[in-house]
Each structure stands twice: as C-alpha cells, then as structure tokens.
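Visitor: Chains P and Y, in that order, are what the protein sequence lines are. Following the UniProt record's numbering, the numbering of the first sequence begins with 1 at its first residue and continues without gaps. Following the UniProt record's numbering, the numbering of the second sequence begins with 1 at its first residue and continues without gaps.
What the hints contain is simulated information worked out from the structure, not anything from laboratory work.
Partial pick of chain P residues on the chain Y-facing surface, computed with a CB cut under 10 Å: (1) E46; (2) L104; (3) F179; (4) V409; (5) H415; (6) G419; (7) R436; (8) E437; (9) D460.
Computed list of lysine-lysine pairs in DSBU-like fashion (alpha-carbon distance at most 35 Å, straight line): (10) Y:K249 with Y:K399; (11) P:K152 with Y:K14; (12) Y:K80 with P:K412; (13) P:K302 with P:K390; (14) P:K160 with Y:K14.
Glycine included, C-beta positions come from ideal geometry on N, C-alpha and C.
Spelled out, the chains give:
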Amino acid sequence: MSQTADKTEKLSQGPDWTFELIEQYDREIGAIAAEFGLDTYPNQIEIISSEQMMDAYASVGMPLGYHHWSYGKQFLEVEQNYKRGRMGLAYEIVINSSPCIAYLMEENNMMMQALVIAHACYGHNSFFKGNYLFKTWTDATAIIDYLVFAKKYILDCEEKYGIEEVELTLDSCHALMNFGVDRYKRPVPISLAEERARQDEREQVLQQQVNDLWRTIPMSDKSEEKALRERVFPSEPQENLLYFLEKNAPLLKPWQRELIRIVRKMAQYFYPQRQTQVMNEGWASFWHYTLMNELYNRGKVKEGFILEFLQSHTNVVAQPSFDSPYYSGINPYALGFAIYTDLKRMCEEPTEEDRYWFPSVVDKPWGEVLDFAMRNFKDESFILQFLSPKVMRDFRFFGIENDVLDPYVEIKEIHNDSGYKALRERLAQQYNLSYREPNIQVQRVELYGDRSLILRHTMDNGRPLNDDTIEVIKHFKRLWGFDVILESWDGDNLAQSYKCDTGESDDV
Amino acid sequence: MSYIIDRRLNGKHKSSVNRQRFLRRYREHIRKAVEEAVNERSIKDLDRGEQITIPKRDIHEPTFGHGSGGKGSIVHPGNKEFSPGDRIPKPEGGQGKGAGNGDASHQGEGEDDFVFQISQEEFLDFVFEDLALPNLVRKNLKEIKEFNMKHAGIVSEGTPSKLNVVRSMRNAYARRRVMSSGARKKLAEAEAEREALLDHGEAPEELARIAWLDEQITLLKQKIERTPFLDTYDLRYNHHVKEPRPSSKAVMFCIMDVSGSMTQETKNVAKRFFILLYLFLNRNYEKIDVVFIRHHTSAKEVSEEEFFYSRETGGTIVSSALKLMDKIVKDRYPPDQWNIYAAQASDGDNWDDDSRVCKQVLEDDIIDIVQHFTYIEITQREHQSLWRIYEQIQSTHPKSFAMRHIVEIGDIYPVFRDLFQRRPNESNSR
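Make a model of the complete structure from these sequences and hints.
Guide: Pasting the structure below:
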C-alpha cells in the first residue's frame with residue numbers, strides 16, 4: 001500500500017489506451033480493490049473489436065457455443081441494429097468463469113477501459129465468486145470445459161444424425177429452457193471430468209431405466225402387476241420439465257437425452273444470473289464508482305478523467321420515470337447501485353429513520369455489511385431485506401394493481417410511511433422468478449393407457465398463459481413422443497385446457 | 001493477477017455458421033424475397049445484396065409465459081401526484097403502463113418485422129438456385145477471372161523478382177550514413193587533431209598522441225567499413241495489385257415480343273434470362289450498353305421499365321425488331337469496336353410470311369456481326385414457323401447462334417452452357 005500511495009504521478013494523459021496503460025490501470029484498480037477486501041477470481045482481460053462483440057452477443061456472451069440457427073438470428077438482429085445506429089454495443093461482457101473473462105472493446109477510450117475493468121473485473125468478478133447462488137449452482141472453473149464438451153458432442157451428433165434432426169431436438173429444448181432448472185432443490189455443479197467419464201455409462205443405464213418404466217410384458221405375479229398399474233407416476237409433480245423428459249421420455253434416443261441435458265445445464269448455469277440482476281449490476285456499479293473515485297482521491301488520475309467518468313456513470317445509473325419516453329422498466333443498475341450506496345450511508349451516517357428500520361445495519365463497518373448483503377441473497381430477498389425508505393422516496397416508487405376486468409388501475413401504495421412495507425414487498429415479488437414465470441409442472445402420466453402426459457399450470461392471480469402455449473406444447477410433445485395436455489387451474493377450477501393432437505406435431 | 005490478451009486478431013466471423021443455419025432455415029422466406037427483388041430490380045442492378053424481411057412471428061421462439069389477463073401488480077418509479085387509492089382510467093387499447101406481468105419493457109413491442117441484410121453473393125446464390133445453375137457456372141458469374149497487374153507503390157516485403165533496386169540502394173545508403181555517423185564524426189575529429197599535432201607538435205607525448213590517434217583512425221575506418229553495404233531491411237519491392245480486366249466494350253440487345261399473347265409470367269422468365277446474360281457480360285466486359293427492343297407488329301427501342309412492364313396487344317412481326325437492331329448497330333455500335341450480343345425472347349408467335357424475312361435479315365445483316373445470338377422460346381405449345389426457320393439458322397451457324405425451348409425457369413441454364421462452352425475460342429476475338 002505504501003508503494004501505491006507514494007506514487008502520485010498520474011496514470012495517463014490522453015484518451016487513447018495502450019496495453020501498457022491497461023496493465024497499469026488494472027494493477028492500480030486491483031490493488032485498491034484488494035484493500036477494500038474484494039475477493040476475486042484471476043482476471044483474463046481480452047481486447048476485442050466491435051464485430052467480435054457482436055459475435056459474443058449472439059452466443060449469449062459465451063466464448064464458444066454449439067451451433068444453432070437462433071444464435072444466427074440474434075446475430076443478424078444485433079448487426080442490423082448496430083449498423084443502423086439504433087443501438088450501441090455494451091462496453092463489456094463478462095463471463096462467470098475462472099479465470100473470469102472480460103471483453104473490452106477496442107473502440108473504448110482509456111477512461112472507459114478503466115471503468116470496465118473496475119466494473120467487470122472487480123465488481124462482477126467478486127460477485128460471481130461470492131454470491132451463494134453462483135457458488136451453489138455454477139462451477140466457474142468447469143464452465144469453459146463444459147462448453148467445449150457440449151460443442152463437440154453436438155457437432156458429433158450433427159455428423160451422425162444430421163443437422164436437421166439435431167436442430168429439431170434443440171428447438172424443443174430451447175422452448176423449455178426456462179423450465180429446465182430445479183428451483184428448490186440444490187443441484188450438483190457442472191463438472192467436466194465427471195461429465196465425460198460418466199456419459200457413456202449414463203446413456204446405457206438411462207435407457208435401461210426408461211425401458212423398465214415402460215415395460216409391457218406381463219409379469220408373472222398378477223398382484224404385483226396390479227400394484228404397478230395403479231401406481232401414480234410421477235409420484236410427485238415435477239417442476240424441472242427438461243429433467244423429467246431426459247429421464248423418462250419413452251422414445252428418445254440416448255443422444256437426444258444428452259442434448260436435453262446440455263440445454264438443461266446451460267439453463268442452470270444462467271439461472272443465478274437471472275435471479276441476481278439488480279444485486280449483480282448494482283454491486284458492479286457500486287464498485288466501479290468507489291474504485292474510480294479512489295483512483296482520483298489518490299491522485300492517480302486527473303480531474304478531466306474523473307469528470308468524464310462521472311458522466312458515463314450517471315448515464316449508467318439513470319432511472320427515467322414511468323411517464324418518460326425512455327422508460328423501459330426499472331433499471332437494475334440504478335436500483336442496485338442506490339441500495340448498496342444507501343447501505344453504506346446508513347453505516348456511516350445513520351438517521352433516526354434508519355435506526356428504526358435497519359437496527360442491524362447502522363454503525364457497522366460498511367465493508368462487512370455490503371459483503372454480507374452481496375453474498376447471501378438473491379434479488380427478491382435482497383430488496384425485501386435492504387430497500388430503505390430513503391431509496392423508495394428517491395425513486396418515488398408507487399405500486400399499482402391492475403385487474404383486466406376493471407377499466408381502472410388502482411394505486412395501492414406510494415413512498416410514504418404507511419406504504420413503505422407493502423411497496424417493498426410488491427417490488428420484491430416483481431423479482432421473484434416464480435412470479436414472473438408461470439408455474440407449470442408435470443402432473444401425471446398414463447403409464448398403461450395411451451402414455452399421454454398431463455401438465456398442470458397453477459394460475460397466479462388468474463393470469464392466463466400467453467399465446468405461445470400451444471406451440472410450446474408441440475415442442476414438449478416432440479420430446480415426449482405422445483399426447484400432451486396442459487391444464488390451467490385457477491384454484492380448484494379448471495380454467496383452460498390446451499391439447500395438441502398427434503396429427504399436429506409435425507407443424508411445430 | 002490479470003492476463004491481458006489481444007483477441008482482435010482472432011477471426012471475427014465466429015457467428016457465420018449460425019448465420020448460415022439461420023439462412024438455411026428460412027430459405028423459403030428469403031427465396032421469395034429474392035424473387036420479388038429480381039422482378040423489381042433493373043437487370044443491371046444486381047451488384048448488391050438485398051434486405052430481407054421476415055414477419056417476427058415466423059421466427060419467434062415460443063416459451064411459456066404469462067399472457068395478459070388476470071390480476072397484475074407492478075411497481076413504477078417517478079410518482080408525481082398519485083396517492084394511495086387513486087383510480088386511474090386505463091389508456092385505450094389496453095396496453096400501456098401496468099399491463100400486469102412486471103415485464104413492461106417487452107410489452108407493446110408488436111409484430112415488428114425481422115429485417116436483415118444478405119450480401120450480394122448470397123443474393124446471387126438464391127437467384128441462381130432457381131435457375132439450377134451448376135456451381136462452376138455460379139462461380140464464373142460471381143467471380144472475375146482475368147486480372148491486370150497494376151503498380152501500387154513500394155513495400156518492404158516481396159519476392160526477389162520484384163526488387164526495386166533504386167529504392168533499396170537509396171535506403172541502404174541512408175542507413176549506412178546513419179549507422180556510421182558516430183564513427184565518422186569521431187574520425188573527423190581525430191583526423192583534425194592529428195593534422196593539428198602534425199603541424200607543430202614535436203614533444204614525445206604529442207608523438208605518442210599521434211600514434212594513438214593513428215591507431216584510432218584505423219579502427220574507426222574499419223568500423224565504418226564494417227557497416228553492411230546492404231541489409232535485408234533496406235530492400236524494397238515493387239507492389240502490384242490485381243485489377244479485374246474486363247475486355248473492352250459490349251452491347252447487349254434484349255429483344256422481346258410484347259404482343260398480347262405474352263403474359264407477365266412469361267416476361268418474368270425472360271427477365272431472368274436477360275439478367276443472366278447481363279451478369280455474364282458484366283464479368284467479361286468493361287462497359288456494357290443494354291438496348292431494349294420490344295416489338296409487336298412494329299419494333300421500338302424502349303426503357304427497361306417499359307420493356308418489362310407495359311402491355312401491348314396485337315399481332316407479331318419479329319423481323320421488325322431484327323431490322324431495328326440492325327439499324328441501331330449501324331448507327332451507334334460499329335462492330336469493330338463493340339462486342340455485340342443479342343438475346344431474343346418470344347412465345348413463338350409470328351406471322352408465317354414474316355419468318356422468312358427474319359431468316360434473311362439474320363443471315364444477311366446480323367449473324368456475322370454478333371458474338372452470339374440467343375433465342376429462347378417460352379411456351380408450352382407446339383413450335384411454329386419461327387422456331388423452324390431459326391433451326392435452319394442454327395444448323396448453318398452453330399457457333400454464334402443458340403436457341404432453346406423454355407417451359408420453366410430451370411430450363412434457362414442449358415442455353416447458357418452453350419455460351420460458356422464457347423468462351424475459350426472467342427474470348428480473344430477482339
């Protein structure tokens with residue numbers, strides 16, 4: 001520390017970056033981050049061009065992925081928008097892996113590169129390493145290897161069974177991707193070594209199990225057969241639709257099961273990201289703000305640099321209000337940044353209100369409080385736990401309820417004393433994945449009948465399913481191989497039943 | 001610890017496979033768009049890609065989600081005047097704020113079309129796909145095969161045969177000057193001192209000094225001598241770039257029957273044929289003029305738009321067009337300066353008496369001045385007198401006259417095979 005403090009010479013003068021400068025900035029920022037106690041994976045900073053950034057977009061940010069037309073579509077979309085100037089590209093992409101890979105675009109100036117390093121290489125990186133969801137659901141050291149495995153496996157399948165066949169199966173898997181995670185069970189993190197070693201074995205064993213389930217040869221013991229006939233399958237509703245299909249669909253070939261597994265693993269890998277948007281972006285924004293200001297305080301950068309930074313930062317954490325033409329929902333960067341910043345404020349300069357609302361936070365060292373908040377929550381619980389009345393006032397939040405039958409929407413609560421609690425709950429619920437996505441589970445399979453399968457949708461506040469439903473059921477059916485019925489239940493009432501007949505399955 | 005890697009040198013088209021997959025999957029959409037584009041575009045205007053539009057719903061990837069309906073709840077920022085219990089009428093159309101499922105950003109996006117660009121090469125691929133062209137020919141059409149080497153400056157790398165001696169020696173001289181400048185400066189000083197000492201110095205230490213200077217001077221001279229006369233980085237090479245070499249000028253006559261019996265469909269087939277001919281000529285000639293002649297009972301030179309899309313009725317006298325072509329050639333395109341190609345499309349109708357006139361005009365005036373004359377007959381009926389007369393011409397002039405009967409678009413290609421086969425013999429004719 002004494003070394004860095006002694007050196008008061010400025011880091012860079014001009015806007016242009018060089019590899020030496022990036023290295024210097026990274027060293028300085030890394031040193032400050034370490035002083036603040038940020039625990040990170042090693043960083044791998046990669047400089048890429050804007051075309052490569054578009055490639056990265058199209059493969060959901062992954063350095064490599066299997067081939068599928070939908071990625072091509074995404075690429076074309078990004079390319080078209082970018083070329084017409086309708087959108088800028090993100091300044092960075094960062095991958096939850098160890099070493100943590102961060103892409104820096106060559107078009108950025110030095111200030112942006114420093115901002116990105118602080119944001120991605122120290123903010124996101126420490127979040128990936130520390131947050132419990134990432135810890136339990138993903139294995140940062142194995143993901144790149146797993147991607148290599150998946151790409152190779154799918155390439156081999158395409159060679160053996162044809163691009164067409166593989167594409168059809170992947171299409172169906174993608175349609176169900178969001179339903180390929182265990183929401184409540186803790187998963188085993190992806191690990192490549194085990195994956196490869198067990199794959200062959202798994203293929204055989206799996207097929208064996210499936211065959212057992214679908215045994216049609218009469219059994220010698222009649223009573224046993226009867227018991228089996230009356231068996232309800234699955235014994236409990238299954239929420240992980242892809243997992244269910246992988247293990248139980250009667251007609252799938254072993255390689256198709258493996259494809260389902262790959263898509264499922266990818267879904268699992270991205271699941272924590274979907275649940276921690278506010279926390280993750282807020283954390284990264286808080287730290288790029290803190291680290292960059294610290295650079296300035298220590299005399300490493302000039303005023304012009306920090307002013308330019310502040311302008312970018314302000315844009316990142318801007319929150320347009322609901323009636324603005326720029327409004328597109330709550331900006332996770334803004335909300336997360338505000339919550340962490342306010343936590344720090346409450347630790348250092350608490351008001352009476354804070355003492356009442358957050359007795360366990362006030363007057364504590366802010367580093368520890370923030371670290372705790374980062375590690376042990378997801379968006380929903382994070383907001384429920386840490387959203388302060390001050391932040392609600394600053395954002396001027398208000399909650400509304402909207403019944404489709406009512407020509408009016410009703411303002412339920414606003415940012416005032418009587419509203420804080422309810423408002424916070426309402427906002428937290430908004431980030432609950434099981435509120436955002438419909439609850440659909442495998443209910444029952446006709447083991448001895450026509451092998452049809454019933455999916456049960458439990459309606460939430462009477463909200464029906466969207467127009468894609470029949471299409472998705474067709475995909476489900478392609479994997480299942482027999483009729484699939486989806487029932488929407490509103491409480492005890494069967495509100496709607498979706499069915500797709502055998503004849504239609506080809507239209508998918 | 002951080003590693004910094006420059007990835008810019010890696011390929012940037014990582015998504016190209018996925019892009020191809022996408023094009024493959026939506027080939028029907030794209031084919032249709034290309035077909036429409038071909039019908040709309042001028043036949044000279046094929047050197048660019050095309051914007052393809054696909055309805056969003058066709059490429060939508062379905063997922064389970066909440067539809068609109070039921071009770072929704074949402075929190076918005078930016079309250080100005082609302083209080084709890086306020087009831088606000090919903091905006092018309094039912095979308096708007098508070099639509100219910102907490103995902104307002106994706107609401108109201110509507111059925112935008114998915115728009116993207118395909119390159120010229122991809123565009124032509126789709127055009128050719130219709131025409132059943134073999135790959136070899138596609139390549140011929142898309143690529144320019146003959147090149148001129150053009151001088152394009154001096155570079156520091158190249159083959160010995162392209163060594164630029166003057167530049168290399170100049171560089172070597174400059175380098176020698178620079179590299180030996182220190183030594184030469186010292187040499188000059190030493191020599192000056194020696195001169196000075198020689199003039200008046202007699203003392204022993206001065207003699208020793210002179211001896212020492214002599215030694216230094218020899219060493220410095222050796223050092224200067226040792227400076228390489230020519231080093232690899234002095235070498236400069238002439239740089240050449242390939243420039244496509246189209247072989248001078250060509251004029252292409254498009255002759256089409258526009259009498260009442262020609263439907264728009266027939267004309268579209270003819271258009272494909274003219275497009276191909278144009279593309280072919282375009283790759284081989286620097287300057288191409290296209291002359292459109294349409295005819296029913298009388299012939300007229302017209303614009304492309306009028307040529308393909310205006311309708312006429314009445315009978316058919318083919319010879320009128322041939323005579324007009326002959327006249328235009330004589331007026332504007334002297335055959336010793338222009339490569340003349342003619343393509344005629346018709347449904348075969350002609351007045352019986354006229355066919356003989358046609359033969360006469362062709363044989364006397366036209367066939368000897370054209371590189372190639374192609375006749376296509378787009379019809380599903382029996383051939384008539386024109387076809388039979390032309391058959392006679394083909395048998396007497398097999399090298400410069402080709403004719404084909406076309407029922408479908410795919411039949412166009414064989415006519416072209418004739419053209420391409422003939423090329424080696426005639427490419428140097430002018």
